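Chains as they are written, first to last, in this note's numbering: chain P, 1 to 523; chain A, 1001 to 1536.
These are calculated hints, taken from the structure and not from any lab test.
There may be inaccurate statements among the hints.
Stated by the list, open to error - Here's a subset of chain A near chain P, in silico, CB distances under 7 Å, partners left out:
1) 1337
2) 1339
3) 1357
4) 1453
What the hints assert, rightly or not - Beta-carbon label-pair distances, calculated as ranges:
5) P/40 to A/1205: 44 to 54 Å
6) A/1059 to P/437: 30 to 40 Å
7) A/1217 to P/503: 50 to 60 Å
Since this is a predicted model, take the numbers as computed values, not measurements.
Glycine is no exception: its CB is placed at the ideal position from the N, C-alpha and C atoms.
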Amino acid sequence: MRKVYQVCVSVLLVCFAIVAANAQSFRVQCPLTTLMHPTPPSPASPNPVGGSIKCQQISGGDGYATMADGTQTYLFAFGPLSGLNDIAKGLPGTQPAAVFMTPYDPLAAAGSAASNGAVGLVPDPEANGAYTGHVDTREVMDVGVMNGNMPAPMMAIDEDDEFFLTLSNVGMIMRPDLFEQHTVHFHGYPNASSFYDGVPDASVAINIGGSFTYYYLAPDAGTYFWHCHITPPEHLQMGMVGQLYVRPRQNRVTSGSLYAGLVAQQSDPRTSCPNSGPGTTGITTDILCSTPLPPSNSVTRTTNKSGNPTLYAYNDGDGSTAYDVEYPIQIHGFDPNFHFVGMTFNPEGFADMKDKYFLLNGRSYPDTLNSIGYQDSTLGPGNSDFVGQPRGSSAFYTQDADGVQRPSQPLPTLINIPAGGRALLRISDLDVSEFQTLASLGIPMQVIAINARLLRDQAGNNLYYNTNSITLGGGESIDVILDATNTTLYPAGSVFYLYTPNLDHLSNDAENFGGLMTEVHIN
Amino acid sequence: MSAMTTKKAISMTRLLPLVMVVVTLLFATAAYAAAPGITGLTFSLTAQAAYITQPDGNMVYSWGYGCTSTYTPTFNPPGTKMPGANCPTMQVPGPTLIVTEGQSITVTLTNNLPAAAGNTSILFPGFQVTATNGVAGLLTGPTGDAPTNGTVTYTFTAGSPGTRAYYSGTQSDLQVEMGLYGAIIVLPDPAKAPTCANANLAAEQANSEVDYRLTANGAAFDHAASCYDREYLFQFSEMDPVIHTQAEQQVAAIAHCVPSTVRPCPTSLDVHTEPYHPAYFMINGRSMPDDMDTNYAAQYPHQPYNGNPHMHPGELVLLRIIGQGRWQHPFHEHGNHVRILAHDGNLILSATDPSKLAGPLLFTTTTTPGVAMDGIFYWTGKGLNWDIYGHNPNSSDPLAKLPCTPDANGYNTGSPGALNYYEWCPDHNKALEKAPFGDVAGNGPVTLPDSNILTNGAWFGGSAYLGPNATGRAVGPTGTTPPSGTIANPPGSEAGLAFMWHSHNEREITTNNIFPGGMMMMMLVDSREFQINESF
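Just chain A, same shape as in the assembly (with noise of 0.2 Å):
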């Protein structure tokens, strides 16, 4: 890589996104996430049964909030930036309710479970509901509940922006369980929300990347300090197969039962929810791996959700985070610090300066159940002591060259176009290795080992370094991994900094017992020279 010229590099950087597309439909690889949902004023959901399916075969009997086959909703982002995108008719977790601060907002929801689940509704925590049309329901009052092939409405004031659950209010030991959740998005009011310096957009465009950004301004919150650049929606939630399995036998032999005077039919179900024994482990409704597939895959018609977060150095990305279910999950991020923004949607502000935030800084974001957090993650490298893009002043290789000048904050922040934009300059050109035999720079701490005593991993770039550049100058074109194309971060195209994110409950990494598995995804920090699409 030394050898090439200039303009053969320039070119290469230039076809990269060619050749991430091309890599992504061969191998499935890399299908990001952005935090996909229905738009609207008015909603029209059904709750239905249908099978979910688990990484290790089984398609698990579920319930689930979709949308009535007549109503076609608007999608955020819409399908000419999602290609795929769909709302069918139970989905697990329910579709993503997006919605405008002070909108006033109608969901009605169809009961369309078998007659022998009886009602159902939809609680929306953090809102002051009005229920009509239905019948009286233990949470949701006199008429909020929908009776079997029956419908309630629901409306309510979107009160304050932020991320919110929903989930059934009826009977819901059984019905959560089952998978009727979802979550709500409340976008600040264009007329409050802040003016974002949106510095991070520049790069994007730079480098013809698209927004997926719900929001228009790139504010979370009525509240400059919750400008981002990029979001995720994490949902959490665990299944134990056998009341799934207890729930569809009853539900097959109610309405196959043919009643005799001795033996009248059962109308109701009796599942048992205890004793307790999840051995499912699922981030928006799937496990790893399928959680890093694309958002509206067509293998998981009843999970268009993912979890496969992508970033550039320097990004802020917002981490919209639920606790579904009936578990917490110690949610690791790796890679930095999450600065909580809200719970529930309420922003958590200082007592003494209200521009100033006083949510914790948290590696660990456990989700409880019914919770909802929104949070900032960035990275930035800053502090590592070496160069994370392995420049090297001595090389031929312009790209290996490339400046660093520092804002007043240290990060090269001149050029939104540049490769190395956001790049932390104090560690500018500073070596890590001490003899390296590639074309980085040398004089560093360390002595990299022979990898003939290493194992590497499917997510690993090929090199320590940042970037297809900077790991072919470090170790060839196709790194010290396994031949190209055959693992989830090539060094050849993306060669992006992996981060799991995983329950620390480690046991929920994995699927019915299989490992690796569960609660477990990657993020991927990728340089510049790729370009991160969300559209898969």
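Excised from the complex, chain P in its bound form (with noise of 0.2 Å):
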């Protein structure tokens, strides 16, 4: 492997001396103030009311991941380019503009605002050494060339907040022969624009040295979920799939009931959701409106089990999508053959695709156990004490174009619940050739939203059903709640499994016992 990236790296060198210093257009874009947020939130609090400015930086390139038969696979994929120390610790890597706009240091204290910093970012000299999104080319590629996961680096976002994403096309140093561009597609974005879509058929492309920068305003709160668009069959099968889940206000109430909440946000006609619908002229109830008003109630906000402010899924109004722990787990399948043809530099065929791993995050069991972590060390330079290296395990890291190893699937699907608790379980299926189907053995599941919508009719009834499976096809996503509150049905020390009845995906490739399956403890 080690020699393939020597020649490689010389391959990717001869390509850039020809092109010469034009070749590359690499920036990031996350200003620290815009007209709709013109006060920079406080770090100590950096959700505020009305929201805020996050940002982000990925890489399109390639890199490889480890399937839980040790089989190495190779991707099309999505790194990291900021937030790396919290990509490492499987957070949302999506971070304030004032912690992207610190320029990324890999020796900096776990957790500070530098290990979680824009790679590449460097004063402006042509701003009197500002930081105005210029970045240095170098650092970009050192970290960026074969730094891909699987999935693709995590996201999530509060109502109100605006979202840059930077993409930064450092190209596919196994595929030299490819010019493949890379896009983002903010998979169910309500009333998205076409331009920031993501689809290259109907917008644009980034060409391996570009930089772009995507713009939202945040959506409606749910879980959504990311994926490249160019040549879909071939980049979602390669691994282009990531995470991408969108808080609610109704997390920033501080006083009053949650009803009261609701009914505040029918005063803005942006955020009000039962009027505000085209279709006639007068007060129209908006027919795409998943948050009505439910029956008037009391309820106010609580702490949960580990004693701070509730938080919930969607503005539900009565608190019903209240959880104590979260878990965003992605279904995915990987076909080893197509995945082989696609790093050997031959054309895949795409109806004869067949799935033969089958991935909760990115890991296949027993990998989906694995919660080592990454170290994330100050230990100094140099290739064992790096950021990002597994602590003690030799698994879910790649090796980048630098040198250094990162990690490649940093998400565990563990589900630990507190005893008598409720975990919310944020569901994306980006398999792109089988429906698959999840289930619970034991703990039900409540399902209370579909599409990243509430389940709740337009009189304001919810919905939510329990059932012990869910199924899902390549671009559908499922919230549900495994409610353990029942202490004497779920005590503490109990295991149960999350996994699939599509028995045939209950292996990694030949090896039986694998594939799509996880385990619940409760704690």
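Fit the two chains together into the complex; they arrive one by one in their own frames, and the hints show the way.
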């Protein structure tokens, strides 16, 4: 493998030498203030009422993932170019603007702004050394080449946030024959703009060596997801899929009932939901509104099992989507033949695509349980002491082009529920060839939302239902709550399983007892 | 464009429809959908064999329903609105039957399939059907199948409004695969249907657009929440070409078989429908890009229906979606969610308040064989936080300074003739770009990169903004796209926002291993500068 890198690095270097200095146009965009958010939030309160500015940078390129049977699988993949420390911890890489605009320092203390800042950010010589988004290309390439993650870097924003997402296309070092563009499709965004929708046919696609900053005001709360939209059967199968969710305004209610909080949202036409729909003149019911007012109630915000203010999945107005812990889970399938062909300069066939690896957050059982994590080290420079180095584990990292090992599959899917608590599972499916079923042995799944929309009729009745299995096709998402509040049924120490009843999906290629499965631990 | 005089700008706007017609005729880029079909109380259908065409060049032997040669159907929309409307003796999907709630319907089916295919029939799930004159069938009762060269008559009452599937109930694993399926649309009884506000109809009329809705009053059901402005029908199916080849060869072998004493001729087909490896994934019998050609296009004589939706901001678009074939397909609508109104014609209403809807909101409307869904989609750009029309209050171009007067819901609906009818006013004049070089508002949040590091798509309108005026002001009259006229959404005339609607089992957006293809189309959201003409 190492030798392949060296060959490819030289190939790439030759390419760059030919096209010389104007071949790249990397830069990041993340203003500290905008017209909508003129005052930066205080670092102590990064999610103020009214939202704030959030930023993230990703690379579009390639990488490798380790399958549960030990196979190294080649990816077309996105990797993190900001929020590296949070990503390594399995958290979303999205950062407040002030953190993002702190230059990334691999040796900075874990959790510090510099450990999560934008890779490559340097003072702009044309702006008296201010940080304008000017980047040092070498740093972007050093970290970005071969740092693909499976799934792609996770993103999370809050309602009313402005989100600046910069995609830097660093090229695919293993496939120097390809000149693939990449894009980001924000899957499920309501009233999307086609310019920022990421469909190359309907907009622009980003060439190798270029950066493009996507801009969105956060849409209504919900579990969305994102992926590249270039040749989707190829780029999605190859791994360019990631998670994205939007947290509700209800998380910022500090006083009064949740119902009153939802009523207050109706005063602004943008956040009003029952009204402001197209149809007729005069106040009309928005046919696409998912959070009409529930029956009047006086439920207030309490604290969760961790003693912090309770968080909610949606602006429910009745507290019914409260949870103690949340787990974003993305389902995916890999066809090893397709990935091999994709690595070896051959044209791929689509009709006979057949997935043999079935993944939760980029890993198959039993790797889904491996929550060893990655070491956040400040020990000094060098190959073995770098931020992101796996802690005592040999798997789930890839050696990047600069020789540093970084996480390739940072997300375990071991679900830990505090005894008597409720877990929100944000489940999305980006399999490209078949439907997948996920079942819960034991704790029922309460389905509260489908496709990022609360299950509620227009009269305000919750239409939640309990089930022990859900089925998703590619491009669908479902929010379920595992409700373990009954400590008699679900006492501390018990273990339950999430697995697929598509029994042929409980395998890792030729290896039995694997695939789409993980455990739920009551702690 | 910013230097353009008022008079010139306005005349340009008026000329756009004409320009578009010319562009369309030259490049066949604009071909709109509606939900065309045949209407009446009695239908005379036939089941026959023919070849359908796929964009890889293959002609695929298929069976389909069509109109008998002696039957003159009535078309809706009529031929005056949609020139070329026809009903061949075989088509895939079969003719869309458009009937009205409460009517007694008679469908006569003649079996003109090759003798080797045996009997055939039609199932109308969701209706109480009486079948007469036929022979016994497994699913159709003692007289419900049409024997070779024979007929069967089905009568039923169109009980309730909505979209439903019809398909063969005889040896369905083979006959449905071969193409024997279609749609039946029941329109509301005008006496029971609600009165729709039809606000967008006034805007359409102000822009000389024709109303292509099948209904007279604009409601899909006997319910006020089902009012809509445009409608489209999409039927999803897939084909395994190996099955079709087997059928074709066996039909020919049986027809030309010379019996001998040692080897008698087979009399029926022995086509293996498993294992199933579909290679074609179709919407309305066509694969992308053929689905974006016109309805009744001459090059697809047996696939008359297309999938090429267009809309203006704020219009409520009724989607009639049917799963045919045998697989599920996660049909993903870019741009916004879809409110599901009904399944198989059964309206989904709140248990406590039947004046309210209770169907889910979906960005992926998974199609399931035999299941029909009605849903409503719209797009307004609400909440983008920038002016999608690129208005610039400091411009010298009057079209860049159009007013936006919010109604109670925040939309600009005061003047149906306004080019920015249904603009979301809270974002009016809000800039996207920090320092634009064109005639759009500045001091916005982002800097657009050098277009040399970007690759433009065929449906890219040329700018981030909606409509030719905004695109012209932002980046010049040809946009940043390739030379005008070679693309599907020209900056100078349409410059719509294109949203891909496709199967998200992404391998199904291929045609026999070729990308792009399959179950994919573009929904174009067009500014009012562009006249949407569904007759193409």
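Q.
Hints numbered earlier in the text: which of these fail when held up against the supplied structure?
A. No numbers; nothing is violated.
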